[in-house]
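Read top to bottom, the protein sequences are chains L and E. Under my numbering, read the first sequence as residues 79 to 315, first letter to last. Under my numbering, read the second sequence as residues 4 to 462, first letter to last.
Just so you know, these hints were derived from the structure itself, not from any lab. Quick caveat: nothing in here was measured; it's all calculated off a predicted structure. Be a bit skeptical, because a hint or two may be false.
[Claimed, not checked] In silico EDC-like links for lysine to aspartate or glutamate, alpha-carbon gap of 16 Å or less:
1. E/LYS321 with L/ASP230
2. L/LYS242 with L/ASP262
3. L/LYS242 with E/GLU333
4. L/LYS242 with L/ASP258
5. L/LYS81 with L/ASP126
6. E/LYS321 with L/GLU220
[As the list claims (entries may be wrong)] Facing chain E, a subset of chain L residues (Cβ under 7 Å, in silico):
7. GLU91
8. LEU92
9. GLY231
10. VAL232
11. PRO235
Built from N, CA and C at the ideal position, the CB exists for glycine as well.
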Amino acid sequence: MNKRILIVDDDPELRELLRGYLGGNGFEVDVAGDGAAMRKRMAVATPDLVILDLMLPGEDGLTLCRALRAGSAVLPILMLTARGEDTDRIVGLEMGADDYLPKPFNPRELLARIRSILRRAGENAARETPARALAFAGWTLELGARHLVGADGVVVPLSNGEFKLLRAFAENPFRVLSRDQLMDVLAGREAGPFDRSVDVMVSRLRRRLNDDGREPQLVKTVRSEGYMLAADVERRA
Amino acid sequence: MRFLPKSLFGQIVLALVAGLVVAHVVGAWLMVDERTRFGERLRGQYAAQRVAGFITLLDGTAAEERRRVVRALSVPPTRLSLDEPWQAGADDSPDAAAFLRRVARELERSAELQVLSIRRATPRAEERPQFDRPHMPPHREAHAAPRFLVMVSAQARLADGAVLTIRQALPEPARDWPLRVLGLLALLAVVVALLSGWAVRRLTRPLSALADAADGLARNLDQKPLDEKGPQEVQRAARSFNAMQRALKAHLETRAQALAGVSHDLRLPLTRLRLRLEQLPEGEARAAMQRDLEEMDAMVGGTLDYLRAGNDTEQAVKLNLVALLEGLAEDAEAAGAKVSLHGTAQPIAARPQALRRCLANLIDNARRYGGGAVDVTLDDGATSVEIRIEDRGAGIPAEERERVFEPYVRLEASRARHTGGAGLGLAIARAIARTHGGEVTLGEREGGGTTASVILPRR
Chain L
79 MNKRILIVDD DPELRELLRG YLGGNGFEVD VAGDGAAMRK RMAVATPDLV
129 ILDLMLPGED GLTLCRALRA GSAVLPILML TARGEDTDRI VGLEMGADDY
179 LPKPFNPREL LARIRSILRR AGENAARETP ARALAFAGWT LELGARHLVG
229 ADGVVVPLSN GEFKLLRAFA ENPFRVLSRD QLMDVLAGRE AGPFDRSVDV
279 MVSRLRRRLN DDGREPQLVK TVRSEGYMLA ADVERRA
Chain E
4 MRFLPKSLFG QIVLALVAGL VVAHVVGAWL MVDERTRFGE RLRGQYAAQR
54 VAGFITLLDG TAAEERRRVV RALSVPPTRL SLDEPWQAGA DDSPDAAAFL
104 RRVARELERS AELQVLSIRR ATPRAEERPQ FDRPHMPPHR EAHAAPRFLV
154 MVSAQARLAD GAVLTIRQAL PEPARDWPLR VLGLLALLAV VVALLSGWAV
204 RRLTRPLSAL ADAADGLARN LDQKPLDEKG PQEVQRAARS FNAMQRALKA
254 HLETRAQALA GVSHDLRLPL TRLRLRLEQL PEGEARAAMQ RDLEEMDAMV
304 GGTLDYLRAG NDTEQAVKLN LVALLEGLAE DAEAAGAKVS LHGTAQPIAA
354 RPQALRRCLA NLIDNARRYG GGAVDVTLDD GATSVEIRIE DRGAGIPAEE
404 RERVFEPYVR LEASRARHTG GAGLGLAIAR AIARTHGGEV TLGEREGGGT
454 TASVILPRR
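Generate the whole structure from the sequences, applying the supplied hints.
Laid out in structure tokens, this is it:
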């Protein structure tokens, strides 16, 4: 059965274009112009995913996002934001959106994000509210700002690769991740072919975490299997 | 004129102290002069009484007794004589007339009197008056003894017609500077100088603050307003300055809002265009249009980034610069550059996302125009950190090095479309560095290429 997507945006032309584009890619598409219309549509048919514009007349996207999240912890939400406004991005994630996409977006990118969110939602149907930060062993990985904060409060910026790798570890504590799995995590990188081996990336990450002694205690090597984060992780919403 | 102080503070203090010194010197001189005049009047009075006394005494003395009495009275500083004749050519100066009037006032009868001379003379030893300081120790007396005397010579006809000639020496006191009063004046001068120095410093300090603020305004319109306190004029200047800063800011904000509005509103049609393009069949025309769209997108995005670079709401945190640069180096290497990192630095207070964008823009420029090999050097200092990003590219001519920081300015050589970019990367980098109180400059690299230097103060 086709997945149902509800688009909330105040520009009627854009709504229709998105309806055409996503419809052409195998989704059932429903549209609404504002919060009130959104609630009406949701009463008729529950969507599998809501695409929410940040700038809406009346109740804005963040308010609607919070309301949706309060009603359902599992409904996936994709926010359309102003371009690259990092504060908006962080706020959006704090309000419980699963992902965000800045306008003007590439339609194919939108499609990829929608599929990725739906896949994740399908994997763990009873999933928790998206975390804002993952804390372990004195470190805090902030998912919005994509950086690490040490116990001393110093912010440690991460490269894209380091962030993806660490996020994968922190979301799966005490689970061995194979090199192939980690390669998949990293392959989503934006630019260029992946040119460093997973091992090099892991050793960089260990250095970031001050865990680069002879016997790493935090990111442990599991012989012939892969790597594992040996720490309890606290999810902070 | 070379030695005049340059600062307002120095000049005002100099003027105050100089005025004070002049006023004190003149005042002290006037006071000493007044004392001297007073002393002279007293001595004149004394001499007149003495002369009148001799006349009265000798009037009442029998002629045969007079010589004995005159001899007895003729001890320094007075000499009396009955042997001189009435002399012609009396002194008729105003001093002499005044002296005669005094003597006449003291006499019980009117007598014929004349002053022969009133003059200054070096006293002979026996004339040195010993009379008014008997308590002085000898050495002190020798020192304090007046060096000049006023010699008054006068003649009077006694009641029986005999002529009495009187020579009376009066001590002329050394100008006796009253040390205690002068000391007090000096103390007053020092205290007033110190107090006025303090007061003037207080007055001129807001002026320096104003100058600093005017300097700072050119770099940062968001600097905190001046304190509107101090004397009225200073308050007014500070208020006007703050008002000017607000007006400038409002003006710039209006223009930025207009630009932001256009850029912002372009995003919706751009998004729609992208979706419409997806409806077209694949082909060369569609690919070309997509490239054009990407470019417009980059311009709009760059403009918004630039406008936002100056007034970001992101919070400053303590930031690990080494990790930031290593991460950026890795991302740049993924884009095909070869980045070497040198040096290290302690964490610094900065806005992480903004600083990442600033440094990413510079590394990206070095990668694009610099032939791919990029050297990044961290230079840590007590008051600031310098980050140098160096390439081995063609370099930028010295006269263009400032111009390329202006928004939308690209060098002719790089204007070719395929290199992309709206000409905002450096403008954004500089705006971000300046919001951190720092600066970005471009220079020539030794051995060829460009050095981009970011200086971030530790605050």
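Hints, one by one, checked against the model:
no., hint, verdict
1, E/LYS321 with L/ASP230, "holds (9 Å)"
2, L/LYS242 with L/ASP262, "holds (10 Å)"
3, L/LYS242 with E/GLU333, "holds (13 Å)"
4, L/LYS242 with L/ASP258, "holds (14 Å)"
5, L/LYS81 with L/ASP126, "holds (6 Å)"
6, E/LYS321 with L/GLU220, "holds (15 Å)"
7, GLU91, "holds (6 Å)"
8, LEU92, "holds (6 Å)"
9, GLY231, "holds (6 Å)"
10, VAL232, "holds (5 Å)"
11, PRO235, "holds (4 Å)"
The structure agrees with every numbered hint stated previously.
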